[in-house]
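> Below are the chains, spelled out letter by letter.
There are 2 protein chains.
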Amino acid sequence: MRFGIVAFPSKTLQDKANSYRMRYDTRYSHIPPHVTLKPVFELDEKDFDQLHKQITEVANKHEPFEMKVSRVGTFHPVNNVVYFKIERSDKINALHDELNDGTLHRDEDYAFVPHITIGQDMSDDELFDVFERLKMTSFDYNETIDRFHLCYQLENGSWTVAETYHLTSKGLRADDC
Amino acid sequence: MRFGIVAFPSKTLQDKANSYRMRYDTRYSHIPPHVTLKPVFELDEKDFDQLHKQITEVANKHEPFEMKVSRVGTFHPVNNVVYFKIERSDKINALHDELNDGTLHRDEDYAFVPHITIGQDMSDDELFDVFERLKMTSFDYNETIDRFHLCYQLENGSWTVAETYHLTSKGLRADDC
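Going down the list, the sequences are from chains Y and X.
Each residue of the first sequence is one higher than the one before, starting from 1 at the first, in the UniProt record's numbering.
Each residue of the second sequence is one higher than the one before, starting from 1 at the first, in the UniProt record's numbering.
Okay, chain Y solo, but in the shape it has when bound:
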């Protein structure tokens, strides 16, 4: 089976992303707007319990983090994707890295750039048109991500949530020292 790990932003930000995705994202109907924390990977269904155990351990070691979106970005010319750029965050990077460590490791095609896709598989002309327009627009979303989801892909390309994981670490507090 094909699995992936994602975080869903707030309903408000999902609705905003969908207002673009409905026009520009060929995978609009496959999954709600999301931040990919671990790209698609293959795993035999019999290994699901072990995977679940490993992901639970990772979730327990990380704390909820703030996610800030204020502008769009593009992966052009590598990929004709336009996305909401997530501002630099050591916490989301650390979570991504640990979801790709040890036996969870898979070679990833690209460096991790946290984002919420709002358009993909666009022609060059369409991408330039959309990106030029949106790069002048400022957005202002600040939200807390306190959970993420393990999903699996169906034959039609859409994704179903298998499990929800909570970021339950409280972090290091002064009285821990």
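Please note: incorrect hints may appear among the correct ones.
One copy or any two copies: either way a pair holds, since identical chains are not told apart in the list.
[Claimed, not checked] Below, computed lysine-lysine pairings styled on DSS-like, alpha-carbon distance capped at 27 Å:
id : residue 1 : residue 2
1  : K170      : K135
2  : K53       : K170
3  : K46       : K11
4  : K85       : K11
5  : K46       : K170
6  : K135      : K61
7  : K170      : K91
8  : K46       : K16
9  : K46       : K68
These aren't lab readings, by the way, just hints derived from the structure by calculation.
We have chain Y; now place chain X onto it with these hints.
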């Protein structure tokens, strides 16, 4: 916000349901194939934590149950829906009832008939055509449902999973007596 509670069947059964839904279900792209345990209900977002607590308590009191699908049914003439009929199960009925009890209670428009929709919003002609053909077909799916999901609806009508709940009760064993 609009919430709903569903259980997803196995990938195999979801793929089978989607092979019909892609042609006959107007809400094919809104959510993967599912069993509705609690129909859509309105709740203020500020009451989410209380809702989560109540649903967790229900989940902890119920045990995983077997779900058997062997034939199709229809809600015609009340609704032009064709569905995979879930065979009579006291456990799924009890879970539904308790997700609609106390402060979770909402008046439901219809009696609870556990099912997986494979077609809806069909014309009478289309419904008769599909149902007459499929009612002669036998299906053979036996699976264990060990979790369900709380979802919320986005502005475009699609659903995002907020939380996964596990049916964690071990049931009444001989040595409990």
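> When no copy is named, should K135 and K61 be tagged within, between, both, or neither for a Cα gap of at most 27 Å?
neither (36 Å within a copy, 51 Å between copies)
> Are the CA atoms of K46 and K170 at most 27 Å apart within a copy, between copies, both, or neither?
Result: close only across copies, 23 Å inter versus 32 Å intra.
> With 27 Å as the alpha-carbon cut-off, assign the pair K46 and K11 to within, between, both or neither.
Result: close only across copies, 14 Å inter versus 34 Å intra.
> As a check of your reading, is K170 near K135 (CA-CA no more than 27 Å) within one copy, between copies, both or neither?
Close neither inside one copy (36 Å) nor across copies (55 Å); limit 27 Å.
> Within a copy, between copies, both or neither: where do K85 and K11 come within 27 Å Cα-Cα?
Result: close within a single copy only, 17 Å intra versus 32 Å inter.
> One pair to classify: K46 and K68, alpha carbons no more than 27 Å apart. Within, between, both, or neither?
Answer is between; shortest inter-copy Cα gap is 22 Å, intra-copy 38 Å.
> If the cutoff is 27 Å on CA atoms, where do K170 and K91 land: within, between, both or neither? Let me know, please.
within (13 Å within a copy, 37 Å between copies)
> Given identical chains, is K53 near K170, meaning Cα to Cα at most 27 Å, within a copy, between copies, both, or neither?
For K53 and K170, both the intra-copy (20 Å) and inter-copy (20 Å) Cα distances are at most 27 Å.
> As a check of your reading, is K46 near K16 (CA-CA no more than 27 Å) within one copy, between copies, both or neither?
between (38 Å within a copy, 21 Å between copies)
Hint compliance for this structure: hints 1 and 6 are broken, all remaining hints hold.
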